[in-house]
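Going down the list, the sequences are from chains A and B.
Read left to right, the first sequence gives residues 17 to 473 (my numbering).
Read left to right, the second sequence gives residues 17 to 473 (my numbering).
Because the hints were derived from the structure by calculation, they are not lab data.
Any given hint could be a false lead.
Since the list gives no way to pick one copy over another, a pair counts as held whenever it fits inside one copy or between any two copies.
Keeping only pairs whose Cα atoms sit at most 20 Å apart, straight-line, the calculated SDA-like set for lysine to any residue is [as the list claims (entries may be wrong)]:
| id | residue 1 | residue 2 |
| --- | --- | --- |
| 1 | Lys464 | Asp354 |
| 2 | Lys464 | Ser227 |
| 3 | Lys265 | Thr439 |
| 4 | Lys269 | Ser98 |
| 5 | Lys22 | Pro78 |
| 6 | Lys459 | Ala340 |
| 7 | Lys380 | Ser280 |
| 8 | Lys465 | Ser309 |
| 9 | Lys22 | Glu75 |
| 10 | Lys380 | Arg267 |
| 11 | Lys269 | Pro226 |
| 12 | Lys380 | Asp230 |
For clarity, every value in this text was computed on a predicted model and none was experimentally measured.
2 protein chains.
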Amino acid sequence: MNLWQKYTPELVTDLYEFTMAESYLREGMDAPATFSLFIRSYPRDRAYFVSAGLEHLLELIPRFRFGEESLEYLASLGKFSSSFLHYLENFRFTGTVRAIPEGRLFFTQEPLLEVTAPIIEAQLIETLVINVLQMETLIASKAARCVQAARGRSLIDFSLRRTHGVDAGVKVARASYLAGFDGTSNVLAGKLFHIPVVGTMAHSYIISFPSELDSFYAFERAFPRSTVLLIDTYDTVHGAEKALRVARKMREKGLDLQGVRLDSGDMVQLSREVREIFHQGGFPDVKILVSGSLDEYTIEEMLNAGAEVDVFAVGTRMGVSADAPYFDIAYKLVEYDDRPVLKLSSGKKTWVGRKQVYRNLDEKGRMKGDTVALLQEEPPEGQPLLETVMEGGKPLREAESLKTVRERFQREWASLPEALRQTRPQSSYPVRISASLQQLEEKTAQEKKRTELAPLP
Amino acid sequence: MNLWQKYTPELVTDLYEFTMAESYLREGMDAPATFSLFIRSYPRDRAYFVSAGLEHLLELIPRFRFGEESLEYLASLGKFSSSFLHYLENFRFTGTVRAIPEGRLFFTQEPLLEVTAPIIEAQLIETLVINVLQMETLIASKAARCVQAARGRSLIDFSLRRTHGVDAGVKVARASYLAGFDGTSNVLAGKLFHIPVVGTMAHSYIISFPSELDSFYAFERAFPRSTVLLIDTYDTVHGAEKALRVARKMREKGLDLQGVRLDSGDMVQLSREVREIFHQGGFPDVKILVSGSLDEYTIEEMLNAGAEVDVFAVGTRMGVSADAPYFDIAYKLVEYDDRPVLKLSSGKKTWVGRKQVYRNLDEKGRMKGDTVALLQEEPPEGQPLLETVMEGGKPLREAESLKTVRERFQREWASLPEALRQTRPQSSYPVRISASLQQLEEKTAQEKKRTELAPLP
């Protein structure tokens, strides 16, 4: 059995979820609690987040059940009471989940998701919720930046080898496709999510043949209708001339060389030389693919400098979100037993209560500002973003296809102001906090300061 | 069925592994090939790498087989010949794997692993090899830095919620334990690898009670022998005074408060005040745990500034190796059909041929330099690092326990020169390339330049 077969959602848990749960049970605390998931701040150069990962979470929550093996392990720790272990035996999540659908844009302070359930249930799924949603949101947000930088050119995910494990690799392929990539090299993700898979050859292939030309001809024999040749193994310009020769031979047989790939060197200069070689040679339609250390910054620089590129194969830096490999995301208790709650820890503000986010568009359909408000207050103007996706622990709708989510992102993206799409945005999106929410926050904080900061009797 | 159950090693593959394989089969290329896995350069402030991930790889390679579902998917792509699909049906890896064992230190240019097998086999496992080994090596190397910075204090992995998916979370817990962490909050990893699991409570727990003191007493009721209290929810100093009161009540019952945790604010100042409160109160043995945005840099700064910390709970920045979220790692063909091969691509040097790394120690048992040499040349001085771990596609030994590997790392670490252990090392470890290897490299490159860079006839 391989390691992945042993992954089971109810143990994707920090131990403290269980110790807290043991105590809640012991104290008879089973009132409804609401937790809010949100991102506190933007990493450098970021101005938006792309919601992703919800479908996986909705698949996993109903499977958050404790079988014999998990119970035996927990019992073996010698920390838990038999009544708690018995409680876990019958555990299932029975709560409500409200969330911003995948493919939508959201901003700091806005809840991406709120869970309302008996406190043990809402608490136990904390680690799973964050692990699943932060990572896919992280990558979709990074990928959207690459797509923007590529200005209409095609992008392909090449990251699998250097993603943080296989779960990450699969999710990167999905999240980047969601955000506008056109395909992936990742065969497993292609199979699981029906993402177009692409790929041709590595340098190892070229050098295993007696000569570069031999390898080109061999590849053409195997894939005459999808020949893309890697041309930088020995020298990119020489490689392009050899590829041109292959293109001519193919034309004699009524075939077309589809493209060439560059993976090293001065990509701006080389891509222009290669374009010229094929243009002069009478093959203006041969596509130029570029790979190697790409991200939104290098893509933008290359295009600004006049690089001739049709397809960007983006790997590691997108697949690990290298410039911002995590978000400051938190899943915080905001209401327990119908009273708003908060902590006062310095520099870590959480908005209390169950909330909704309302989005306002201008006359051209562009996003002009969001309001975060209490769920129960008179709704302010705007379209509510959080939808109820689970009730009584059961999903309220069929799983959404990746196609649906991808199309939603396209529409959403079209409504994002131009200034926020930039690689280095100079402004930030307006997120207003409703007066009622501000008042409740202030009142709750004052009350806590009064009672908790008083000298001990 | 959850997503992880569908992960299967033979599809942890970039598509080009299959297109190359199709062509190799078609061309009748089945000679032995050797691929070398190595890291080209150090990220900033890095001076060593900790080998990790080999056990997982050795488990996965024999499972790299093509069942019906995988074959159907590959057939559905419409790219592959029926003879190739038939070949895959009977595929199994039959080659040799030589590798540096887990827990050992290695350096740039040194092969961490070499695979020798018929070229299709060695090629098809490329993506899997890199994905498995780079990530665990990345984290073990980062974790070792944190352990060094903590100067003998205890460390715990708190990263699961923000690792890149669940596979990463599990592997981070294992890799950090391997490199000297003492436990993890990650229950799944605790179960899979017998790592001690730790954890007490979140802020949500504290704020769900009418008062902080109520929550402290409730926790003590549930876990009287392992009470650790989170004290920064409202105000750290007030929290410490409340915890002191709990400690006194516990003492009356013959119990000991184990510790308190700080998660925000000026950790240096607060940890000193908290220590003073417990010291003055007659509880000098109460441990101080610190968490929140920790890595080797912040740990070092805190200790240099006189922070009073017994345990560091290190999360996100270690779990994603935030300052260096990937290594420049490559799996390169170095020999095919008994001839050395290489590419000439600019800035990406690979040493040709099958190789061994020899390590030399000084009279005090400290590492003083390695030599990378051809496997078949007269061995230079030193202990060879790569061991043959698989032959004929079968592991040559039982799987190593994490305990074994962890102890190996402890011994290895003791032999690393002090200067290289620093958070910001100013020197680098000497890695010499043998004269024979240099000559073969030069000769191979010259020959390739002569034949591949000549004008086309």
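Each hint, compared with the structure:
1. Lys464 / Asp354: within (16 Å within a copy, 75 Å between copies)
2. Lys464 / Ser227: For Lys464 and Ser227, the Cα distance is within 20 Å only across copies (9 Å; inside one copy 76 Å).
3. Lys265 / Thr439: The answer is neither: 43 Å in one copy and 57 Å across copies each exceed 20 Å.
4. Lys269 / Ser98: neither (76 Å within a copy, 24 Å between copies)
5. Lys22 / Pro78: both (17 Å within a copy, 18 Å between copies)
6. Lys459 / Ala340: neither (35 Å within a copy, 43 Å between copies)
7. Lys380 / Ser280: neither (43 Å within a copy, 44 Å between copies)
8. Lys465 / Ser309: Neither, since 50 Å and 26 Å both go past 20 Å.
9. Lys22 / Glu75: Classified as both; 17 Å inside a copy, 14 Å across copies.
10. Lys380 / Arg267: neither (49 Å within a copy, 69 Å between copies)
11. Lys269 / Pro226: Neither: 24 Å inside a chain and 82 Å across chains, both beyond 20 Å.
12. Lys380 / Asp230: Answer is neither: 57 Å inside a copy and 54 Å across each miss the 20 Å cutoff.
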